[in-house]
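Peer 1: Below, each chain spelled out in residue letters.
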Amino acid sequence: MMHYLSYDFVQNALIAGSIAAALGAVVGYFVIIRNIGFAAHALAHIGFTGATGAILFGLSPLQGMLVMSSLAGATMGISGNRFHRSELAIGMVLSISLGLGTLFLSLYQGFAGEATAILFGNIFGVSHAQVIETIFLSALSLFLLALFSRRLLFTSIQPDLAESRGLSLTFLSTAFMIILAISVALVSQVVGTLLVFTLLIGPAGIATRLSHSFWRTILLSLCIGIVSVWSGIFLACLTNQPPSFWITSILFVLYIFTELKIKLFESV
Amino acid sequence: MPLLSFQNVGIRFGSRKVIDHFSAEIEEGEFIGIFGPNGVGKSTLMRAILGLCPIYEGSIQLFGENPGKQNRFIGYLPQSQSLLGTTTLTARALVAAVHHGEKWGVPWLSSKDSYQVERALELSEAKDYADTPFSLLSGGEKKRVMLAQALIDEPKLLILDEPLASLDPKNQMLLVQRIRNIQEETGLTILFIAHDVNPLLGAMSRVMYMAEGNVALGSAQEIITNESLSALYGMNIHVLRAEGRVFIVNAESNVDETTCSHV
Numbered sequence: 001m002m003h004y005l006s007y008d009f010v011q012n013a014l015i016a017g018s019i020a021a022a023l024g025a026v027v028g029y030f031v032i033i034r035n036i037g038f039a040a041h042a043l044a045h046i047g048f049t050g051a052t053g054a055i056l057f058g059l060s061p062l063q064g065m066l067v068m069s070s071l072a073g074a075t076m077g078i079s080g081n082r083f084h085r086s087e088l089a090i091g092m093v094l095s096i097s098l099g100l101g102t103l104f105l106s107l108y109q110g111f112a113g114e115a116t117a118i119l120f121g122n123i124f125g126v127s128h129a130q131v132i133e134t135i136f137l138s139a140l141s142l143f144l145l146a147l148f149s150r151r152l153l154f155t156s157i158q159p160d161l162a163e164s165r166g167l168s169l170t171f172l173s174t175a176f177m178i179i180l181a182i183s184v185a186l187v188s189q190v191v192g193t194l195l196v197f198t199l200l201i202g203p204a205g206i207a208t209r210l211s212h213s214f215w216r217t218i219l220l221s222l223c224i225g226i227v228s229v230w231s232g233i234f235l236a237c238l239t240n241q242p243p244s245f246w247i248t249s250i251l252f253v254l255y256i257f258t259e260l261k262i263k264l265f266e267s268v
Numbered sequence: 269m270p271l272l273s274f275q276n277v278g279i280r281f282g283s284r285k286v287i288d289h290f291s292a293e294i295e296e297g298e299f300i301g302i303f304g305p306n307g308v309g310k311s312t313l314m315r316a317i318l319g320l321c322p323i324y325e326g327s328i329q330l331f332g333e334n335p336g337k338q339n340r341f342i343g344y345l346p347q348s349q350s351l352l353g354t355t356t357l358t359a360r361a362l363v364a365a366v367h368h369g370e371k372w373g374v375p376w377l378s379s380k381d382s383y384q385v386e387r388a389l390e391l392s393e394a395k396d397y398a399d400t401p402f403s404l405l406s407g408g409e410k411k412r413v414m415l416a417q418a419l420i421d422e423p424k425l426l427i428l429d430e431p432l433a434s435l436d437p438k439n440q441m442l443l444v445q446r447i448r449n450i451q452e453e454t455g456l457t458i459l460f461i462a463h464d465v466n467p468l469l470g471a472m473s474r475v476m477y478m479a480e481g482n483v484a485l486g487s488a489q490e491i492i493t494n495e496s497l498s499a500l501y502g503m504n505i506h507v508l509r510a511e512g513r514v515f516i517v518n519a520e521s522n523v524d525e526t527t528c529s530h531v
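Read top to bottom, the protein sequences are chains A and B.
The first sequence begins at 1 in this note's numbering and counts up by one.
The second sequence begins at 269 in this note's numbering and counts up by one.
Keep in mind the hints are simulated off the structure, nothing from the lab.
Backbone N, C-alpha and C fix where the C-beta goes; we use that ideal spot for every residue, glycine too.
Any given hint could turn out to be false.
Said to hold, decoys possible - 20 Å max Cα-Cα, derived EDC-like pairs, lysine to aspartate or glutamate:
{"id": "1", "chain 1": "B", "residue 1": "K438", "chain 2": "B", "residue 2": "E490"}
{"id": "2", "chain 1": "B", "residue 1": "K424", "chain 2": "B", "residue 2": "D396"}
{"id": "3", "chain 1": "B", "residue 1": "K371", "chain 2": "A", "residue 2": "D160"}
{"id": "4", "chain 1": "B", "residue 1": "K438", "chain 2": "B", "residue 2": "D421"}
{"id": "5", "chain 1": "B", "residue 1": "K424", "chain 2": "A", "residue 2": "D160"}
{"id": "6", "chain 1": "B", "residue 1": "K380", "chain 2": "B", "residue 2": "E409"}
{"id": "7", "chain 1": "B", "residue 1": "K438", "chain 2": "B", "residue 2": "E409"}
{"id": "8", "chain 1": "B", "residue 1": "K424", "chain 2": "B", "residue 2": "E370"}
{"id": "9", "chain 1": "B", "residue 1": "K371", "chain 2": "A", "residue 2": "E163"}
{"id": "10", "chain 1": "B", "residue 1": "K380", "chain 2": "B", "residue 2": "E422"}
{"id": "11", "chain 1": "B", "residue 1": "K395", "chain 2": "B", "residue 2": "D381"}
{"id": "12", "chain 1": "B", "residue 1": "K395", "chain 2": "B", "residue 2": "E370"}
{"id": "13", "chain 1": "B", "residue 1": "K337", "chain 2": "A", "residue 2": "E163"}
{"id": "14", "chain 1": "B", "residue 1": "K424", "chain 2": "B", "residue 2": "D288"}
{"id": "15", "chain 1": "B", "residue 1": "K424", "chain 2": "A", "residue 2": "E163"}
{"id": "16", "chain 1": "B", "residue 1": "K337", "chain 2": "B", "residue 2": "E409"}
{"id": "17", "chain 1": "B", "residue 1": "K380", "chain 2": "B", "residue 2": "E370"}
{"id": "18", "chain 1": "B", "residue 1": "K337", "chain 2": "A", "residue 2": "D160"}
To be verified - Simulated restraints on C-beta separations:
{"id": "19", "chain 1": "A", "residue 1": "L219", "chain 2": "B", "residue 2": "D288", "range": "52 to 58 Å"}
{"id": "20", "chain 1": "B", "residue 1": "Q338", "chain 2": "A", "residue 2": "S213", "range": "29 to 35 Å"}
{"id": "21", "chain 1": "B", "residue 1": "E296", "chain 2": "A", "residue 2": "S213", "range": "16 to 22 Å"}
{"id": "22", "chain 1": "B", "residue 1": "G326", "chain 2": "A", "residue 2": "C223", "range": "55 to 61 Å"}
{"id": "23", "chain 1": "B", "residue 1": "G326", "chain 2": "A", "residue 2": "L169", "range": "23 to 29 Å"}
{"id": "24", "chain 1": "B", "residue 1": "D381", "chain 2": "A", "residue 2": "F265", "range": "29 to 35 Å"}
{"id": "25", "chain 1": "B", "residue 1": "E295", "chain 2": "A", "residue 2": "F265", "range": "51 to 57 Å"}
{"id": "26", "chain 1": "A", "residue 1": "L219", "chain 2": "B", "residue 2": "G512", "range": "52 to 58 Å"}
{"id": "27", "chain 1": "A", "residue 1": "Y4", "chain 2": "B", "residue 2": "S378", "range": "42 to 48 Å"}
{"id": "28", "chain 1": "B", "residue 1": "D288", "chain 2": "A", "residue 2": "F38", "range": "39 to 45 Å"}
One chain only, chain A, in its complex shape (with noise of 0.2 Å):
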């Protein structure tokens, strides 16, 4: 097995698929304490449609989709909670983004595959010039979240506390909205834009099952989404099914281990 390391487009998957694991293991965390699960899948959806703008214009996928989610995030973290946690608003702007995302598509001549690749991820497609960027990203998006991570925890499960103390719930909110932004773009590349949820909510999900403390449940976190992602790479590599197959079957597993485990535990 080790001699699949050997090969550029292993090492660069490998390399990809941990920062993005990392990256989506410690932002999926907030997502599921402020409960914006619904809007982080949406913020994929959107960025879909910037990817495939991107492909008809000839730029970069990943360019169009940091644009288009990051302006959706921000949008969203400025109107407040009215909108981002607003199953109805978020519902209509993420049907007319599909809709665009299919208008873009049709209207494009090339190859269809980069589409499915956005869709459904293609991470032994990941060039080395986009791991730089995604190196670069993350290491930004995870600075960024360090430095907001006291006030986010804050804002997060108290804000009206956190208010009282002078914060700025749409400050924080809309900051937290951009990262969120950049990491489903990034996610994206792993496991494709309907599979966001796998590295952003799966191992946070499950490690705030398992774990109830912040940093425990952080660490937790990033290694159930790393292990997840390595031991996707080799068996789509000894398998040669999608990598995203195994990275979402190996979440699902631990999912259901992880309810077993809680159900056993609470019925002694």
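Please arrange chain B on chain A, whose structure you already have, making use of the hints.
Peer 2: Coordinates of chain B only, in the frame set by chain A:
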């Protein structure tokens, strides 16, 4: 210098006047019970004290400064449990998360910070279930954890917005007793919003009663009377006393369980 002073304060909620020409002073160490019907503006007044709600006339001075300037000295237990209800974090983690939560950086606690977390949990008597996930706690236990959050940064003024809501009478009594004990230990000034006067009768130094844009502040004997409350509401109000309890009823309707709280 009073801890908190209101000079001719007027507050609007949208186009509606919720407080009109209110002047009063609150001294350090007082326990003020704040009452009035739903939607009268009790929480809005508290938000004005915190500097989160503008006043359209007059001034509020807290520790001699305008609202918002000295909020680090205010502990606040909001009415809403917000996202706390679904969190899987333990009570201890939730109290730690709000400790110096306004600072930049990662939520890392020093040994001094950890000591303060334990102290707040002890004060609110929440230590026994500090390692239990918040979502698994009972209503009374959750309120103790939220009280610990309000106490963590050693405030001088504690604002409690309906902490007794949805608690059974026994837990209401225990929580009030605990807050009274904390006040005796720490010398805190307390503003306590409640729906029912009775659980607070032995604890309050003064009563603030709000109705129809008017605010009355004085001792329970002065404020909870037929004359005072009738003047406040602009209608005929009866205060009935039985077995040490107070019932405030609309004199024009029959006394029944539903009218035994607020008109």
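Peer 1: Each of the hints needs a verdict: does it hold here or not?
Peer 2: Against the structure, the hints:
1. Distance check on the hinted pair: B/K438 and B/E490 sit about 28 Å apart at the alpha-carbon level, beyond 20 Å; violated.
2. Taking the CA atoms of B/K424 and B/D396, the gap is near 26 Å; set against the 20 Å cutoff, the hint is violated.
3. For the proposed pair B/K371 and A/D160, the alpha carbon gap of about 16 Å is at most 20 Å, so the pair holds.
4. At most 20 Å may separate the alpha-carbon atoms for a hinted pair to count; B/K438 and B/D421 exceed this at roughly 28 Å.
5. Restraint check: the Cα-Cα separation between B/K424 and A/D160 comes to about 19 Å, which is no more than 20 Å; the hinted pair holds.
6. Proposed proximity of B/K380 and B/E409 is contradicted: the alpha carbons are some 25 Å apart, above 20 Å.
7. Under the criterion of a C-alpha separation no larger than 20 Å, the hint pairing B/K438 with B/E409 is consistent with the structure, at around 13 Å.
8. In summary, the hint linking B/K424 to B/E370 is supported, as the alpha carbons are separated by about 18 Å, within the 20 Å threshold.
9. Restraint check: the Cα-Cα separation between B/K371 and A/E163 comes to about 13 Å, which is no more than 20 Å; the hinted pair holds.
10. With a C-alpha separation of about 13 Å, the suggested pair B/K380 and B/E422 falls inside the 20 Å cut-off, and the hint holds.
11. Pair hint B/K395 plus B/D381 holds up; C-alpha atoms about 16 Å apart against a cutoff of 20 Å.
12. At most 20 Å may separate the alpha-carbon atoms for a hinted pair to count; B/K395 and B/E370 exceed this at roughly 24 Å.
13. Restraint check for B/K337 and A/E163: the C-alpha separation of about 13 Å stays at or below 20 Å, so the hint holds.
14. The straight-line distance between the Cα atoms of B/K424 and B/D288 is roughly 27 Å, outside the 20 Å bound, and the hint therefore fails.
15. For the hint pairing B/K424 with A/E163, the CA-to-CA distance comes to about 18 Å; that is within 20 Å, so the pair holds.
16. The hinted pair formed by B/K337 and B/E409 fails the criterion: a straight-line CA distance of about 32 Å is larger than 20 Å.
17. Annotation: proposed proximity of B/K380 to B/E370 holds, straight-line Cα distance about 17 Å (limit 20 Å).
18. Straight-line distance between C-alpha atoms of B/K337 and A/D160 comes to about 17 Å, which keeps the hinted pair within the 20 Å bound.
19. Look at A/L219 against B/D288: about 55 Å separates their beta carbons, and that is inside 52 to 58 Å.
20. The given range of 29 to 35 Å is respected by B/Q338 and A/S213, whose C-beta atoms sit roughly 32 Å from each other.
21. At about 37 Å, the CB distance of B/E296 to A/S213 disagrees with the hint of 16 to 22 Å.
22. For B/G326 and A/C223, the hinted distance range of 55 to 61 Å is satisfied, since their beta carbons lie about 57 Å from each other.
23. Distance hint for B/G326 and A/L169: a CB-CB separation of about 27 Å, consistent with the stated range 23 to 29 Å.
24. The hinted range of 29 to 35 Å is satisfied by B/D381 and A/F265, whose Cβ atoms lie roughly 31 Å apart.
25. Judged by the Cβ atoms, the range 51 to 57 Å given for B/E295 and A/F265 holds: they are separated by roughly 52 Å.
26. With their beta carbons about 55 Å apart, A/L219 and B/G512 fall inside the hinted range of 52 to 58 Å.
27. Judged by the Cβ atoms, the range 42 to 48 Å given for A/Y4 and B/S378 holds: they are separated by roughly 45 Å.
28. A hinted range of 39 to 45 Å holds for the C-beta pair B/D288 and A/F38, which are about 43 Å apart.
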